[in-house]
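Throw the hints in and build the complete structure from the sequences for me.
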Amino acid sequence: MEQFDAEQIDRRFDATAARRDFRQGWYALIGFGIVLLLMQSWGEGDSGRPSVLGILLSWCVVFGLLASGWLRAKRQRQARQNITRAWEQVQLEQWAEAEEMLDAAMRRPIQSDSDRGQAFMLLATLAERHGRYDQAAHIYERLLIERIGDGYQLQQAQLAIANAKLRNEELTDAVTLLNHLEKITMPRALAAVYALIRLYQQVFMGHNEDAVAELSERRSLFRRFLSTKAGYAYGLLAAALHRLGRHDEAAQYWLDATTLIPAQKLVAEYGALVVPCECYPAMEHPQ
Amino acid sequence: MSGSEAHRLIQSMRRQFLLASVTRSTLLVVVALGFVFGSMWRADANYRAETMWAISSVAAIAWVVLTFYSVRQVRAAHQASAFIASGRLDLAEERLKRTLRQFSLYRNAKLLACHHLAVVAHGRKSYQAAAELCDGMISLPGGPSVATLRTCRILLADCRLLLGDVVAARDAIAPLNLQGSELNLAEQLLLLPIELRCQLTAEQYDAACESLPWKLKRAELLDSPTAGLVHALLAVAANHIGRSRMADFLRRRADLYHGLEKLAEEHDFLRDLAPEAISADNKGLI
Numbered sequence: 001m002e003q004f005d006a007e008q009i010d011r012r013f014d015a016t017a018a019r020r021d022f023r024q025g026w027y028a029l030i031g032f033g034i035v036l037l038l039m040q041s042w043g044e045g046d047s048g049r050p051s052v053l054g055i056l057l058s059w060c061v062v063f064g065l066l067a068s069g070w071l072r073a074k075r076q077r078q079a080r081q082n083i084t085r086a087w088e089q090v091q092l093e094q095w096a097e098a099e100e101m102l103d104a105a106m107r108r109p110i111q112s113d114s115d116r117g118q119a120f121m122l123l124a125t126l127a128e129r130h131g132r133y134d135q136a137a138h139i140y141e142r143l144l145i146e147r148i149g150d151g152y153q154l155q156q157a158q159l160a161i162a163n164a165k166l167r168n169e170e171l172t173d174a175v176t177l178l179n180h181l182e183k184i185t186m187p188r189a190l191a192a193v194y195a196l197i198r199l200y201q202q203v204f205m206g207h208n209e210d211a212v213a214e215l216s217e218r219r220s221l222f223r224r225f226l227s228t229k230a231g232y233a234y235g236l237l238a239a240a241l242h243r244l245g246r247h248d249e250a251a252q253y254w255l256d257a258t259t260l261i262p263a264q265k266l267v268a269e270y271g272a273l274v275v276p277c278e279c280y281p282a283m284e285h286p287q
Numbered sequence: 001m002s003g004s005e006a007h008r009l010i011q012s013m014r015r016q017f018l019l020a021s022v023t024r025s026t027l028l029v030v031v032a033l034g035f036v037f038g039s040m041w042r043a044d045a046n047y048r049a050e051t052m053w054a055i056s057s058v059a060a061i062a063w064v065v066l067t068f069y070s071v072r073q074v075r076a077a078h079q080a081s082a083f084i085a086s087g088r089l090d091l092a093e094e095r096l097k098r099t100l101r102q103f104s105l106y107r108n109a110k111l112l113a114c115h116h117l118a119v120v121a122h123g124r125k126s127y128q129a130a131a132e133l134c135d136g137m138i139s140l141p142g143g144p145s146v147a148t149l150r151t152c153r154i155l156l157a158d159c160r161l162l163l164g165d166v167v168a169a170r171d172a173i174a175p176l177n178l179q180g181s182e183l184n185l186a187e188q189l190l191l192l193p194i195e196l197r198c199q200l201t202a203e204q205y206d207a208a209c210e211s212l213p214w215k216l217k218r219a220e221l222l223d224s225p226t227a228g229l230v231h232a233l234l235a236v237a238a239n240h241i242g243r244s245r246m247a248d249f250l251r252r253r254a255d256l257y258h259g260l261e262k263l264a265e266e267h268d269f270l271r272d273l274a275p276e277a278i279s280a281d282n283k284g285l286i
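One line per chain: the protein sequences are A and B, in this order.
Numbering (the numbering used here) for the first sequence: 1 to 287.
Numbering (the numbering used here) for the second sequence: 1 to 286.
One should not assume that every hint holds.
To be verified - Derived contacts from chain A toward chain B, CB cut-off under 10 Å, selection only:
{"hint": "1", "residue": "57"}
{"hint": "2", "residue": "255"}
{"hint": "3", "residue": "284"}
{"hint": "4", "residue": "286"}
Calculated from the structure, these hints are not laboratory results.
As the structure is a computational prediction, the values presented were derived from the model and not from experiment.
Virtual Cβ for every residue (Gly too), placed ideally from N, Cα, C.
If you want it as structure tokens, here you go:
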């Protein structure tokens, strides 16, 4: 995919950067100066009345400035709408439509930092979808270095970069980052995401005892904050329990996982789930 | 905040809207007259033209000042939404009430503040107050934007349901079509559990089970307690129309999301759901 090359991604960062040197305040100030100048130059005609040309030109400048501000606001609204639609398509797993929407949103500068952050988070999600975890990590890195997005988005980016590095098998970096994140206080919803990434790292690296430690607390966290995605966590726990020979529990966890998410989707997301998929019965989803 | 206080706020908002309209019209007329006569009249010893220009300029400046004042109110409303996001509902309520009592030349600032205040009241379980505010906004002539109006209707329906008035809840969401293209995903997610509750109360089980895959896809995107609720409601509906296998599957999922017993505790109408021990949570495996 061309749009997930590093060069293309960097170009998108440049294209969406807000032009902060042309702020509306400056427009207004310059406009006000021009209006005053025009009124002084043409304000008094020979007849003792203000010249019509002067008045018309002054008002043209004022309306021109207003129209320019309105157009900028309209473009921003359009960009925000496209980002929101892209987010909706990602949620519904309609990837082609999401790419289209995001492409439209990222052609022009995005003034709001939070909107820009969200757009790049979505782009990274699409890169991950195409298996380009290296490029996803590149996007997250730039978001963090340039501090694009609000505080919550930046914390999400930190977690996502750890996940991307793990998927890219940059294990040392991933584990170092996860150890660092462990010390950071974060909202419980993000703590659940962190716990899922840590669980995957433990299962992937064969630390099965660690993976099933504090099982009850972990399960409660997944259940409360991951909603349907808790299925992935149950699947990974099933894999760890299976390796530890705790087959009854593994079977039950696999059943729970497949009740929330179909087995083929679980396996497509995490290769480590092939074994429980082959060993234990999955929940059939009635039509 | 009580229902009567919310009612008074709405009444005061109506009066302020009228005052704002009168002020806007007056300023516009003064500016226009000053512009026309100031241009037409010759400068003379009576300073008529200059006086007209001066009056016109004062009116224009007053307009600009009042606009800036309104923008500050919009900012205050946005700041209140930050308080809402961080869970400081008390601070948000205080800020929003203050904004609603202040004069604004434009409606948008007040409508935004009123909408946020309804969300805060709902969050603080003052359902009567939230319903009054939503009702007031919906009935305002030339009220909020279409998108805000939809959210108001959904919020109003939820409040009415929680207050036990199912008919009013159904009336509130009657103009909304859950699967229509005009609703965005966030609105669909808000409306889904409310519409299902209305349908189940009216014993419209077939309607509740219509487009089940579409509804399940949306339910999967909800937070755990709401996803559990939607699955439980769909399970009840599926059971009533004889789709017992589907009902069992939905019940299992509801249990995994939030726990059947917990759901029955939180929602009286789900008390009949069989609290079977299905998932590992309830099987004592952990």
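Inset, instruction - Could you check the structure against the hints above and give me the numbers of any it violates, in ascending order? - result: 1
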